[in-house]
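As given, the protein sequences belong to chains A, B and C, one line each in that order. Numbering of the first sequence is given in our numbering, commencing with residue -3 and proceeding in unit increments. Numbering of the second sequence is given in our numbering, commencing with residue 38 and proceeding in unit increments. Numbering of the third sequence is given in our numbering, commencing with residue 881 and proceeding in unit increments.
Just so you know, these hints were derived from the structure itself, not from any lab. As the structure is a computational prediction, the values presented were derived from the model and not from experiment. Be aware that one or more of the hints could be misleading.
[What the hints assert, rightly or not] Straight-line C-alpha distance at most 27 Å; calculated DSSO-like pairs for lysine-lysine:
id : chain 1 : residue 1 : chain 2 : residue 2
1  : B       : 228       : A       : 65
2  : C       : 887       : A       : 119
3  : A       : 19        : C       : 1044
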Amino acid sequence: MGQMGKSTSLNHNDMKKSKRREKHYWEEWVGRIYTSICVVLLLVVIVSIVFFVSSKGLATFFENGVSLKEFFTGRTWNPDESFGALPFITGSFAVTLLAALIAGPLGLCAALFMTEILPGRGKRILQPAVELLSGIPSVVYGFIGLSVIVPFIRDYIGGQGFGILAGCLVLSIMILPTITSIMADALASLPGGLRESSLALGATRWQTISRVVIPTVLPALLTGVVLGMARAFGEALAVQMVIGNAPHVPGSLTESAATLTSTITLSMGNTAMGSVHNNALWSMALVLLLMTFVFVILVRLLERRNRI
Amino acid sequence: MKKKLPFMLTILALMLTLAACGSNNDASGTGGSSEAGGETESKLSGSVLAVGSTAMQPLVEQVGQKFMADDKYKEVTVQVQGGGSGTGLTQVSEGQSDIGNSDVFGEEKLDADKAKELVDHQVAVVAMTAVVNPGVSVDDLTKEQLVDIFTGKVTNWKDLGGEDQKIVIVNRPASSGTRATFEKFALGESKLADLEGSIQEDSSGTVRKLVAETPGAIGYLALSYLDDSVKTVKYAGVEATVENVEKGEYPVWAYQHMYTKGEPSETVKAFLDYMLSPEVQESDVVELGYIPVSGMQVTRDAEGNVTQK
Amino acid sequence: MMIKKAKRADKIATIVICFFAMLIVAILVGLLGFIIVRGLGHINWHFLTSAPQMIRGGGGIGPQLFNSVFLLILTLIITVPLGWGGGIYMAEYAKPGKITNVIRLVVEVLSSFPSIVIGLFGLLVLVNAFGLGFSLLAGAMALAVFNLPLMVRTTEQAFRAVPKEQKEAGYALGLSKWKIITSILLPVALPSLITGTILASGRIFGEAAALMFTAGMSSPPLDFTDWNPLSSRSPINPLRPAETLAVHIWKVNSEGLAPDAKEIAAGASAVLVILILCFNLGARWLGRVAYRKFTAAKRID
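Modelling step: build the complete structure from the supplied sequences, incorporating the hints.
Take a look at the structure:
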């Protein structure tokens, strides 16, 4: 179809010059308006998400009179009188950070393997593996966590099996593909000359990696970790299934705990819209939303460092 | 390639019209049901939308299918959706659905004035019982012992006559209707604080799985979810059986409610009547592990006062 | 001495890195093996086509499978024109500046929103305020929200990857910009667009958190002989509630009363994972085919 359009416009070159210009003009505007509408729609979507979630989430504080201090520092969640969301906030941060601590180094190893150690074959084995790993749905991860990881922790480590440990293990496998692929891209984008000159100076491969390669692309590597954390922070179902969901700041990693997302998943359907309990859940959603912005800003800052 | 744009625009327009049609359809669907019901007496038509409690969903879905298969109601469509009791009550009170399924009284979830607009239809009774891991030897717990367990005063089964094993509580989230019923009627204390280290799951299937797999676990389940993987515990010597519930001797039970906003339209009423008809109450309700309302010798109001029928 | 030490460090590091890389492969093989081996035994024609059973055994996943595919199609109908349009704007029309930066930020934020937040937004706005109810359309729109930024990004990258000379040739011919985009750039970018779109679809297929609150968790009986999109039992009615495969796995495991709930969940998980594998491989294959076709067409030209 493309070729046809091309040839016709060529043939009528001088005969219908004015008509063509008109068509030209019209086409130009159609394209411009159509693509602009698409972009404006994106803006509308994000503005309405932020607006609706905030209007619900802020109602807890303005209409129901729950104080900000209570919400963010209160340790008791008893949705009739006290709305302390601290246990969920700490739970979310704990699983996210631990998952990043596990998946970060693992992802780095995988990325180094793909780009530095066995560039050709390593990539052919690991790349599809990583992509497939990223395709497994979170529900499936949750059930594997529930049927493999939780009993394993219960039998060999102790406790009930549920808790932060199970949650962060499941999450670390989930975010591994994100981290690995971003890190691999960053390492691959490094100009080859840098590596070769280091090797030519007599440095071993590990010296090159640890003193030249990693320091140069560190911000980009961290970007991968931050994006992985953003995904971990917002993951709901897989975490909910393995964390145990007790609304308390846990004393140990193998004690039942809860995250923001797990609490929302559990209670949203059971509470009526407009009730204080329901609004408090929306406030948690608002916290999730704000954290997304924080993660994006972090990524931006890292990218800026990367450019310099 | 030029043709692509109009094509895309057409699709877009189509989506928009579909969306518009959708909202129109919905409005006329619910409104139409009452009109249609008024015109023809022999054949009802229209649609019934029931939203709410996920625990009630299998029952209402099954009855809905039976209802639609009935010759008299061939023109009626019944749609049943989960989403939770809170969602059901919200949607029925805002007029988005015809029926709100709930496993608690509407007064417990909604504001008083909103709850007042709703009409309660109690369609079945569900009884709950404490269950323990099969490895636990205790088989009878009194109210006080249960309270001690769920408030954390007793943390080891040996204090209750069992072996030396830590008690693991599998509770439900504070928003759960099952938990509200269990606390109110088994423990006699509503709104208990959550214990540190207790596991919380909302769905009965998961609770059953956890109690069955976790050594020393205790939880509570509706009778319909019981199977051999967990061990039921008597409540102060009384077994959770249908007869005991009907006689009012076993107190841990609750109604399954189907709320309508105001009096139901004719089509909706036909469905609710069908729900309460003997052919449903004696077959589907029993089959799914519920207790028919008709067999109950006691009734209970929203405050929990029990009266003999 | 120093060199010896460095060499030893190098060896150790290499071994550690290789070990962890292999560990990842092992995890993947273990995961896939676990899911597929556990589920494969339950997959048969009856399981894939029959309706689910609530309390009796022997239920299937037929409607769920159909819903998943249909929801995917609906979502793509929404996101492909919008996402490609947005991507084209970013690649061809946007001028570097504040506004473009803001749009880029929006795309980035939108793609990292937690799916549960999108689900809640869908519940509040699409399901309740727009009165769509729990429906395929509400679900598709919620999924479009995540899918759009991905689509915009892949489209932008695909268009930017087109060699500059091709575009300049178009200008030299005196074509309008839109004409250049649709008849020169689009065919070249198409292979990577297709691959990107299919890969993004994999994510839609496995999504559950956002759908629980929008497309609902019930599957009303479907009449596969009724193809009138307005009839409530028709499988292609976009306003009926629909439970997808991923949501079904969640529901069967949590509320399943059927005696074979475990087997159903295992079977459904295997089906889901196999489908996503097919998506992944299919995307690559299709991308390659489209690429070959395009280059072949050029040679004839």
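These are the hints, each one checked on the structure:
1. For the given pair, residue 228 of chain B sits about 24 Å from residue 65 of chain A by alpha-carbon distance, which is consistent with the 27 Å threshold.
2. Between residue 887 of chain C and residue 119 of chain A the alpha-carbon distance is near 25 Å, which keeps this suggested pair within the 27 Å criterion.
3. For the suggested pair residue 19 of chain A and residue 1044 of chain C, the alpha carbons sit about 25 Å apart, so the restraint of at most 27 Å is met.
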